[in-house]
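Colleague: Listed below, chain by chain, are the residues.
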Amino acid sequence: MKVLVGVKRVVDYAVKIRIKADKSAVETASVKMSMNPFCEIAVEEAVRMKEKKIADEVIAVSIGPKQAQETIRTALAMGADRGVHITTDARTDQEVQPLAVAKVLAALVEQEQPGMVVLGKQAIDDDSNQTGQMLAGLLDWPQATFANEVTVADDKASVQVVREIDGGLQTLSAPLPAVVTADLRLNQPRYATLPNIMKAKKKKIAKHKAADFGVDLASTVEVVSVEDPPVRQAGQK
Amino acid sequence: MAALRTVLSRVVSRHTAAILAASSSCRLPVSSSVLLHRCRSTGAPDEDVTLEFFRPETSSVPSLMDIGTRRIFTEDHDIFRTSARRFWAEEVVPHHAKWEKEGQVSREVWLKAGEQGLLGVNTAEELGGIGADLLSAAIGWEEQSYSNCSGPGFALHSDIVMPYIAKYGSPGQQEKYLPDMTAGRKIGAIAMTEPGAGSDLQGVRTNAKKDGEDWILNGSKVFITNGWMADVIIVVAITNTQAKSAAHGISLFLVEEGMPGFKKGRKLEKIGMKAQDTAELFFDDVHLPASALLGQENKGFIYLMQELPQERLIIADMAIASSEFMFEETRNYVKERKAFGKTVSRLQTIQHKLAEMKTDICVGRAFLDQCLELHNQGRLDSNTASMAKFWASDLQNRVATQCLQMHGGWGYMWEYPIAKAFVDSRVQPIYGGSNEITKELIARHIVS
Numbered sequence: 001m002k003v004l005v006g007v008k009r010v011v012d013y014a015v016k017i018r019i020k021a022d023k024s025a026v027e028t029a030s031v032k033m034s035m036n037p038f039c040e041i042a043v044e045e046a047v048r049m050k051e052k053k054i055a056d057e058v059i060a061v062s063i064g065p066k067q068a069q070e071t072i073r074t075a076l077a078m079g080a081d082r083g084v085h086i087t088t089d090a091r092t093d094q095e096v097q098p099l100a101v102a103k104v105l106a107a108l109v110e111q112e113q114p115g116m117v118v119l120g121k122q123a124i125d126d127d128s129n130q131t132g133q134m135l136a137g138l139l140d141w142p143q144a145t146f147a148n149e150v151t152v153a154d155d156k157a158s159v160q161v162v163r164e165i166d167g168g169l170q171t172l173s174a175p176l177p178a179v180v181t182a183d184l185r186l187n188q189p190r191y192a193t194l195p196n197i198m199k200a201k202k203k204k205i206a207k208h209k210a211a212d213f214g215v216d217l218a219s220t221v222e223v224v225s226v227e228d229p230p231v232r233q234a235g236q237k
Numbered sequence: 001m002a003a004l005r006t007v008l009s010r011v012v013s014r015h016t017a018a019i020l021a022a023s024s025s026c027r028l029p030v031s032s033s034v035l036l037h038r039c040r041s042t043g044a045p046d047e048d049v050t051l052e053f054f055r056p057e058t059s060s061v062p063s064l065m066d067i068g069t070r071r072i073f074t075e076d077h078d079i080f081r082t083s084a085r086r087f088w089a090e091e092v093v094p095h096h097a098k099w100e101k102e103g104q105v106s107r108e109v110w111l112k113a114g115e116q117g118l119l120g121v122n123t124a125e126e127l128g129g130i131g132a133d134l135l136s137a138a139i140g141w142e143e144q145s146y147s148n149c150s151g152p153g154f155a156l157h158s159d160i161v162m163p164y165i166a167k168y169g170s171p172g173q174q175e176k177y178l179p180d181m182t183a184g185r186k187i188g189a190i191a192m193t194e195p196g197a198g199s200d201l202q203g204v205r206t207n208a209k210k211d212g213e214d215w216i217l218n219g220s221k222v223f224i225t226n227g228w229m230a231d232v233i234i235v236v237a238i239t240n241t242q243a244k245s246a247a248h249g250i251s252l253f254l255v256e257e258g259m260p261g262f263k264k265g266r267k268l269e270k271i272g273m274k275a276q277d278t279a280e281l282f283f284d285d286v287h288l289p290a291s292a293l294l295g296q297e298n299k300g301f302i303y304l305m306q307e308l309p310q311e312r313l314i315i316a317d318m319a320i321a322s323s324e325f326m327f328e329e330t331r332n333y334v335k336e337r338k339a340f341g342k343t344v345s346r347l348q349t350i351q352h353k354l355a356e357m358k359t360d361i362c363v364g365r366a367f368l369d370q371c372l373e374l375h376n377q378g379r380l381d382s383n384t385a386s387m388a389k390f391w392a393s394d395l396q397n398r399v400a401t402q403c404l405q406m407h408g409g410w411g412y413m414w415e416y417p418i419a420k421a422f423v424d425s426r427v428q429p430i431y432g433g434s435n436e437i438t439k440e441l442i443a444r445h446i447v448s
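Read top to bottom, the protein sequences are chains A and B. The working numbering applies: residue 1 is where the first sequence begins, and numbers increase by one. The working numbering applies: residue 1 is where the second sequence begins, and numbers increase by one.
What the hints contain is simulated information worked out from the structure, not anything from laboratory work.
Using 16 Å as the maximum straight-line C-alpha spacing, the simulated EDC-like pairs for lysine to aspartate or glutamate come out as follows:
#: 1; chain 1: A; residue 1: Lys32; chain 2: B; residue 2: Glu75
#: 2; chain 1: B; residue 1: Lys264; chain 2: B; residue 2: Asp231
#: 3; chain 1: B; residue 1: Lys264; chain 2: B; residue 2: Asp285
#: 4; chain 1: B; residue 1: Lys210; chain 2: B; residue 2: Asp284
#: 5; chain 1: B; residue 1: Lys210; chain 2: B; residue 2: Glu297
#: 6; chain 1: A; residue 1: Lys32; chain 2: B; residue 2: Asp66
#: 7; chain 1: A; residue 1: Lys66; chain 2: B; residue 2: Glu75
#: 8; chain 1: A; residue 1: Lys202; chain 2: B; residue 2: Glu75
#: 9; chain 1: A; residue 1: Lys203; chain 2: A; residue 2: Asp81
#: 10; chain 1: A; residue 1: Lys16; chain 2: B; residue 2: Asp66
#: 11; chain 1: A; residue 1: Lys199; chain 2: B; residue 2: Glu125
#: 12; chain 1: A; residue 1: Lys32; chain 2: B; residue 2: Glu57
#: 13; chain 1: A; residue 1: Lys16; chain 2: A; residue 2: Asp125
The task is simple: from the sequences and hints, build the whole structure.
Modeller: As structure tokens, this is what we get:
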């Protein structure tokens, strides 16, 4: 079966973020960007499924500017087979909303017919934690979010997912196709080795616009201002 | 808009474009679509380069070690650098203090490096290497310096020893050694220096006497990197004592661990590079089959001269990378350390020294990147490599001394990274051809 994986280009987790002078958004000019850590875990899970011969093709998809190609190439270097790049110049940390992303992914799913979609549980820039859930809703597919462990049944007709929830661990069984979102402890992503980086150069990345899928990425939400949290005050004696 | 851009690009001359570029402010917004021409001296056609593709140099980004910098590299190089950085942080750094006490690294780390594709990076795929470009190999050297772990002799193994076998070895020799060396199963070393001869390479006494088709090797070597753990060693030996000059009577041999008569003396106790298994080697009537001769008889000196520029480039690049590391380490320290009611970084004397050091290092980095680019195209001459070697290693030592001083008493403590970087730097002006020798070579070209 095919596995579709979403990868988002975000500000690197180690960067100390700053707000732009006009308070309109976080400063991203000349700031180090990387693949969202939860997306890395999602790619790793998909590639492991391919190695176990559960999946036969892993497709990495990203919505973003030209540089999102680098994020897709990292996924290819980790073992994904091909990429899909939906180009946009809108800010993916606040202008492109999870519902719009879910709509694009839903359209892509109709085209590619994967047996599973694996996403990171949330992006570390907007911390929305909505895309996977909304996608499942739009597709009318089962969803298993905050995955700690994913086991596909031998007949590939269902998947068992252990989820991290507030009360502990919950085990769900869902028929395939399904949407799974990856949590931190699902796996430890591999290094992109140099031979795989070189092989990835030959892998294809298809470019599209959201309009090609009949989706308008325009935001329905207007960000009024972005501010630092207030400076911590001294406690009371 | 696109049409206008194309028209402008044909109208604006290189000269004007250069002025436009130079006069724009340093803080250029990434998302702007200002046209910039890349002035190329190679005569390649102009490209419309928008700022989105602009790769900043180390002088204008938050850290000298930031990934995504330096225009000699591409995004694919960045992906590799991220993986390499992670490898050094996860597989080497946690064990390095233990390896310093033991005087060597583990076999496991060599095998792990092989698994990750970090060895034999620049060796051709057909010969069993990874088949990537020289710049990818350079990333390996630099990431080692950035991790401040001088123990593993990966650079020597991959980019000094393996090239000899790849270039001058027979198909049988290449097949026997290169795939295993890329996997980290066989560790390589090269033995030139002797107790009585270092810079004076023509003064070697280790010799190989013909015995039918075979050879009998006698002599000793000292200061051999990877010497203690090495499985295959390229040994420099005299094979023609009647040659008109010593240079015309030297050959290279592939000697293997386990050959009768070949003994590894001991791991040498150095003042720095404590985890590196530098050793002395003894050859006592070692019987070498004809197949152990590397390349042609009596051509050894020529091979050495051809390979030394790359060795010097490695030393130079690692010198600048180490300087970049020491600078960032020190800058972080002085921003935290308090004295006289404020952080040490608020003192003008410290600030000016940091400004001077950063400038020197960035200037050095610019020259090194030029050398790396030339060497990647096969155009680096030995002269330029020698210049890079002595200049960069001298800079590294100046930076090390200043940075250690800025750490105060803690800089003298072994547990502090700057202390290790300081002692490690001291050998750089010495090995790979002492800086004095490199100046001899450079001067010859100037005055002849």
